[in-house]
Amino acid sequence: MPAAPVHPGPVHPGPVPAVRRALASLGYAVGLPVLLVVAWALATRGTTNLYYPPPSRVLTAFVSTWLAPDTLVRDVLPSLGRFAVGVLLSIVIGVVVGTAIGATPWLRALLEPMLEFFRAIPPVVLVPVLMLLLGIDDTMKLAVIVSGSVWPVLLNTIEGVRGTDPVLVDTSRSYRVRGLLAYRYVVLPAASPQIMAGVRLALSIGLILMVISEMFASSSGLGYQIVYFQRQYMVAEMWSGILLLGLVGVAVAAVFQLVERRVLHWYHGSREVARA
Amino acid sequence: MNRRPALVAALVAALSIGLAACSSSDPAPGGGSESSAAPDADNPRAVTIGALSISETAPLWAAVEAGVFAEHGLDVTVQPIQGGAQAMPALVNGDIDFSVGQPFGAMRASLQGLDVKIVGNYAQSLTEGDDINSVVVGAGSDITTPADLAGKKVAVNSLGAAGDLTIMAAVEEDGGDPGTIEFVEVAFPDAQAQLEAGNIDAAWVPEPFVSIIVGAGGARVVDPYQSVLPGLPTLVLQTTGATVADDPELVDAVREAFTAAFAWAADNDEAVRQALVDEMSLPEPAAANLRLPQFSTEVDRDVLQGLADLAVEHEFFDQAPDLDTLVVID
Numbered sequence: 001m002p003a004a005p006v007h008p009g010p011v012h013p014g015p016v017p018a019v020r021r022a023l024a025s026l027g028y029a030v031g032l033p034v035l036l037v038v039a040w041a042l043a044t045r046g047t048t049n050l051y052y053p054p055p056s057r058v059l060t061a062f063v064s065t066w067l068a069p070d071t072l073v074r075d076v077l078p079s080l081g082r083f084a085v086g087v088l089l090s091i092v093i094g095v096v097v098g099t100a101i102g103a104t105p106w107l108r109a110l111l112e113p114m115l116e117f118f119r120a121i122p123p124v125v126l127v128p129v130l131m132l133l134l135g136i137d138d139t140m141k142l143a144v145i146v147s148g149s150v151w152p153v154l155l156n157t158i159e160g161v162r163g164t165d166p167v168l169v170d171t172s173r174s175y176r177v178r179g180l181l182a183y184r185y186v187v188l189p190a191a192s193p194q195i196m197a198g199v200r201l202a203l204s205i206g207l208i209l210m211v212i213s214e215m216f217a218s219s220s221g222l223g224y225q226i227v228y229f230q231r232q233y234m235v236a237e238m239w240s241g242i243l244l245l246g247l248v249g250v251a252v253a254a255v256f257q258l259v260e261r262r263v264l265h266w267y268h269g270s271r272e273v274a275r276a
Numbered sequence: 001m002n003r004r005p006a007l008v009a010a011l012v013a014a015l016s017i018g019l020a021a022c023s024s025s026d027p028a029p030g031g032g033s034e035s036s037a038a039p040d041a042d043n044p045r046a047v048t049i050g051a052l053s054i055s056e057t058a059p060l061w062a063a064v065e066a067g068v069f070a071e072h073g074l075d076v077t078v079q080p081i082q083g084g085a086q087a088m089p090a091l092v093n094g095d096i097d098f099s100v101g102q103p104f105g106a107m108r109a110s111l112q113g114l115d116v117k118i119v120g121n122y123a124q125s126l127t128e129g130d131d132i133n134s135v136v137v138g139a140g141s142d143i144t145t146p147a148d149l150a151g152k153k154v155a156v157n158s159l160g161a162a163g164d165l166t167i168m169a170a171v172e173e174d175g176g177d178p179g180t181i182e183f184v185e186v187a188f189p190d191a192q193a194q195l196e197a198g199n200i201d202a203a204w205v206p207e208p209f210v211s212i213i214v215g216a217g218g219a220r221v222v223d224p225y226q227s228v229l230p231g232l233p234t235l236v237l238q239t240t241g242a243t244v245a246d247d248p249e250l251v252d253a254v255r256e257a258f259t260a261a262f263a264w265a266a267d268n269d270e271a272v273r274q275a276l277v278d279e280m281s282l283p284e285p286a287a288a289n290l291r292l293p294q295f296s297t298e299v300d301r302d303v304l305q306g307l308a309d310l311a312v313e314h315e316f317f318d319q320a321p322d323l324d325t326l327v328v329i330d
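So the protein sequences, as listed, match chains G and L.
Note that the UniProt record's numbering numbers the first sequence so that position 203 is 203, with each residue one more than the last.
Note that the UniProt record's numbering numbers the second sequence so that position 124 is 124, with each residue one more than the last.
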């Protein structure tokens with residue numbers, strides 16, 4: 001199921017009433033998902049095939065599987081916790097290390113080819129190795145998430161820091177804005193549009209790897225449950241798990257957008273001015 | 001970005017047609033496409049049999065190679081499958097005609113409403129001596145009896161199957177609390193490394209991993225199949241109810257061919273071992289010494305019923321599957 005478009009509809013200049021505009025943007029957001037579910041319901045009407053459950057059956061499975069308190073506590077919350085910690089770690093590591101590399105030309109020259117090398121390794125193939133090195137507990141699962149989602153943040157931070165406007169850097173230096181102060185008020189803001197683009201990628205990669213990390217040496221979690229249901233021929237339950245993952249993805253994207261708006265409000269503002 | 005109702009409508013229409021096309025690919029009745037006349041050697045029928053790429057499949061590979069199935073009028077293709085859950089859609093869609101898989105999976109699938117039938121046995125665990133699968137521990141472990149497994153971390157290849165079920169039953173029989181065992185999924189080939197790293201306390205593995213781990217200083221704790229349900233089938237021959245109903249001659253012919261194949265395999269152990277080398281790239285000494293299960297098409301209903309009852313008792317199943325409809329043997 002595709003993620004619902006979370007962007008509001010195009011903003012029309014002119015006197016469109018606010019209520020109508022809100023309704024229109026809601027319509028845009030839920031229109032396609034509703035149509036898809038209706039099409040799905042029509043296509044599976046009266047089917048007895050286990051592998052093509054109707055949406056009503058999946059919905060029942062969703063409620064009984066994922067909203068039950070013990071599944072929520074045992075599978076869903078730990079998974080989301082690992083996802084959150086993994087992505088936060090990726091962002092912190094990516095920004096800190098990326099800043100260091102981006103601001104130091106010789107370090108960049110030294111590390112960049114190696115970073116590209118490690119970045120190209122799919123984390124999935126590392127799982128058996130990580131299982132040996134780190135055991136089979138949460139550490140391994142976090143390592144899998146970080147090993148995949150750190151790259152977009154790291155590489156974008158390097159690019160963002162490197163691309164800071166030299167005039168800006170020189171000007172601030174001549175005003176004796178140095179060290180942490182310069183980092184906080186010059187470099188970080190200049191790099192933040194790129195960093196946020198990296199974070200957006202890290203979120204979706206992190207979600208995928210959260211699921212994958214739970215498919216190995218696990219006995220709980222969203223990813224584990226989905227594979228378990230698949231193997232137990234509980235197809236509607238499996239689809240309900242996939243539905244939950246999609247919904248988590250939509251929620252994460254919505255939260256990201258809120259944060260991005262706040263962090264980059266100056267950036268969106270200045271772009272709108274530039275476009276006008 | 002203009003609103004284009006016509007485009008949206010067309011898109012939705014296209015999607016619904018796509019979905020309808022998906023759902024209309026329900027299993028074609030009959031399974032096999034050819035006529036339902038009894039197969040004979042002059043006019044062989046093409047049959048695809050799904051089987052896991054594990055050592056138990058060796059007699060099948062060897063017998064197909066030696067032409068045992070051709071003598072019974074069957075042109076057999078052995079299709080490698082990854083697991084029971086992957087085989088079932090292929091079986092239902094008619095991509096494979098028969099599959100060799102775990103009886104527990106067949107029971108589970110039938111309880112979920114899939115049209116699957118067990119039409120013969122394939123392999124069963126040994127009733128005496130060292131069994132073909134075992135719960136093993138690493139060197140220096142203080143776990144020696146099944147009851148010691150209570151409260152420990154035990155690896156199985158897949159949870160909610162005959163492995164963890166029989167381990168729980170074995171621990172309970174020995175006076176331990178099976179509810180305290182912490183089961184974790186570890187693939188068979190990874191078990192030894194995880195044992196040695198101390199990430200797990202014990203692991204349920206089949207041959208050749210039992211021999212490898214014991215050979216490296218580990219020890220057998222319990223053979224759960226043998227101690228709980230001696231002679232429990234590890235693999236059974238499955239097909240769909242549609243095939244059984246529409247093409248009983250084919251089902252009979254396949255069952256007879258398997259019986260003949262196992263008789264042939266018993267007399268041609270070398271060819272069976274060679275299949276292990278050819279199909280699984282097993283080193284020759286390992287293939288020669290590998291402990292294999294017993295192969296037979298004779299279904300032991302009582303032991304299957306025992307497995308089903310055990311699954312209900314330990315709440316793996318809500319209800320026992322009806323073996324009278326699941327197991328089809330003339």
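Just so you know, these hints were derived from the structure itself, not from any lab.
Any given hint could turn out to be false.
[To be verified] Each pair of labels, with its calculated beta carbon distance range:
hint, chain 1, residue 1, chain 2, residue 2, range
1, G, 242, L, 189, 27 to 37 Å
2, G, 247, L, 189, 42 to 52 Å
3, G, 132, L, 220, 16 to 26 Å
4, G, 64, L, 77, 51 to 61 Å
5, L, 180, G, 45, 38 to 48 Å
6, L, 77, G, 242, 30 to 40 Å
7, G, 128, L, 318, 30 to 40 Å
8, G, 242, L, 278, 31 to 41 Å
Computed from a prediction, not measured in an experiment: that's the story for all the values here.
Heads up, the beta-carbon is just placed ideally off N, CA and C, and yes, glycines get one too.
Hint check:
Restraint check, residue 242 of chain G to residue 189 of chain L: a C-beta distance of roughly 28 Å satisfies the suggested window 27 to 37 Å. Checking the proposed 42 to 52 Å range against residue 247 of chain G and residue 189 of chain L shows it is violated: the Cβ atoms sit about 36 Å from each other. The beta-carbon spacing between residue 132 of chain G and residue 220 of chain L, approximately 24 Å, falls within the hinted interval of 16 to 26 Å. For residue 64 of chain G and residue 77 of chain L, the Cβ-Cβ distance of about 41 Å falls outside the hinted range of 51 to 61 Å, so the restraint is violated.
One distance hint, 38 to 48 Å for the beta-carbon pair residue 180 of chain L and residue 45 of chain G, holds here, with the actual separation near 47 Å. For residue 77 of chain L and residue 242 of chain G, the Cβ-Cβ distance of about 32 Å falls inside the hinted range of 30 to 40 Å, so the restraint holds. Taking the beta carbon of each, residue 128 of chain G and residue 318 of chain L are about 35 Å apart, inside 30 to 40 Å as hinted. Between residue 242 of chain G and residue 278 of chain L the C-beta distance comes to about 39 Å, which sits within the given range of 31 to 41 Å.
Checked against the numbered hints above, the structure breaks hints 2 and 4 and satisfies the rest.
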